[in-house]
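Number of protein chains: 2
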Amino acid sequence: MICRKEIGLDGLAGGLMPGAIHLSMSTISSAAASLLASEHAQNGQGYVAAPVFGNPDAAKARQLFIVAAGTPADVERCQPILDILGQRTFVIGDDPAEANLVKLLGNMMSATALEMLGEVVAVVRKRGMKPQPFIDIMTSTMFGGRAHKIYGDKIAKQTYAPGFVLPLVLKDVRLALAEAENAGAPMPSVGVVRDRLITGIARGYAGLDWTALGLIAEEEAGLDPVPSVAADSPTAGAGVALKQS
Amino acid sequence: MICRKEIGLDGLAGGLMPGAIHLSMSTISSAAASLLASEHAQNGQGYVAAPVFGNPDAAKARQLFIVAAGTPADVERCQPILDILGQRTFVIGDDPAEANLVKLLGNMMSATALEMLGEVVAVVRKRGMKPQPFIDIMTSTMFGGRAHKIYGDKIAKQTYAPGFVLPLVLKDVRLALAEAENAGAPMPSVGVVRDRLITGIARGYAGLDWTALGLIAEEEAGLDPVPSVAADSPTAGAGVALKQS
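Chains as they are written, first to last, in my numbering: chain A, 1 to 245; chain B, 246 to 490.
This is chain A alone, in the form it adopts within the complex (with noise of 0.2 Å):
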């Protein structure tokens, strides 16, 4: 949450010249984006939301998607930077707030994503079969898009390595269900993957990636993957701390 105090004359709202633009690409609240972009109305500047879709391999080859709102002369004024860093931009209405509500849910559907992949892959395994061929078959057909691509070849290869940390995630998913809650909304979706973060990060893997959903979906279907994590993925030399079996 953000306070008033950390935006107002005395933070960030103060500390700008009248006329200038903070262009926000943070993943927070719609509440918070409404706070800063009223702080910085007051004191004649802009505020752009401008949050992104796409992990750090993406970002480093300009490949992020940018959903961007603020007023038309502000968005239009951080256009160059926003063509610099994404290889696309959706500009959505001039009200902050809705650029981070849909980065939010944007998170959510591949949240749950990952986690569905997680469920379903620990089946595939349970029955002696190789995840492999059966990702490659759902992203061949219904599932051809990026995260579905990305994140089931990962979590086929238990390929655990950050990328997006799970309590930045959980931080994420709490965000989320807040704006759900907000709206009378629930989703119940989202819980699941709520309480699955929670004991993966209670089980030490507050390292690991997002993708980490598949590790936990396979400790609770009584999988012990610790050693080929260990042995096959690039987390072994990442210093994060695995439980030892």
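Just so you know, these hints were derived from the structure itself, not from any lab. All residues carry an ideal CB built from backbone N, CA and C; glycine is no exception. Accuracy of the hints is not assured; some may be wrong.
Heads up, simulated DSSO-like pairs for lysine-lysine below, C-alpha to C-alpha not over 27 Å straight-line [to be verified]: (1) B:Lys416 / A:Lys126; (2) B:Lys394 / A:Lys149; (3) B:Lys416 / B:Lys305; (4) B:Lys371 / B:Lys402; (5) B:Lys394 / B:Lys375; (6) A:Lys171 / B:Lys371; (7) B:Lys394 / B:Lys371; (8) A:Lys149 / A:Lys130; (9) B:Lys402 / B:Lys305.
On the chain A side, residues computed to face chain B include the following (Cβ under 10 Å) [claimed, not checked]: (10) Lys126; (11) Thr139; (12) Met142; (13) Leu223.
With chain A fixed as given, assemble chain B onto it according to the hints.
Just chain B now, with coordinates in the frame of chain A:
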């Protein structure tokens, strides 16, 4: 559940000549597939499992994806038929049960994707935003696969005409949860869908498509989408009983 009597010498297997192949494209449990394969083998007959991915529109356009398994010679004999029916066949091995498991798990990936699309669209609507631009951003970025494109648009447009009616979806959910239980690998995300389907059928939506997971999510968010369903969607003329507000 298929009983031995139905497929033994008194049933399917008794009605086929030796050397015949039973090509089953139905969505059945892996245990039923194994039983069928075994009974047919004892009668000198072949059994090929070839369940499909794709909705009726895809079937009409010969765009189905087929997942086939059986002894190589049997699958080869069926291939000309499969080539006519689908756009691509994935031959995954000689155990028919595995094709049925892949089909059931794939359907659960679609069902949970529909559920999540319903949940996020309900939040978007409650916030006074239009769902179509949100869906367009999702399907232009991380979720560009067929499932999200086809079902995302239908949920945004409140299109619930079947398609794949809720009681048949619940049958598949039941089979998938039994596979998960037998494998010893829980699928809590599928449990969420199961409960929402039970609710939908209880409310009189048994004649609606599984896109009606979006309708149920809206109702759980206190929205009363019935008027727009009646006015705008193809279900209006489809003879589907919707509750009256």
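Checked hints:
no. : hint                : result
1   : B:Lys416 / A:Lys126 : 22 Å, holds
2   : B:Lys394 / A:Lys149 : 15 Å, holds
3   : B:Lys416 / B:Lys305 : 24 Å, holds
4   : B:Lys371 / B:Lys402 : 15 Å, holds
5   : B:Lys394 / B:Lys375 : 17 Å, holds
6   : A:Lys171 / B:Lys371 : 22 Å, holds
7   : B:Lys394 / B:Lys371 : 22 Å, holds
8   : A:Lys149 / A:Lys130 : 17 Å, holds
9   : B:Lys402 / B:Lys305 : 23 Å, holds
10  : Lys126              : 4 Å, holds
11  : Thr139              : 7 Å, holds
12  : Met142              : 4 Å, holds
13  : Leu223              : 8 Å, holds
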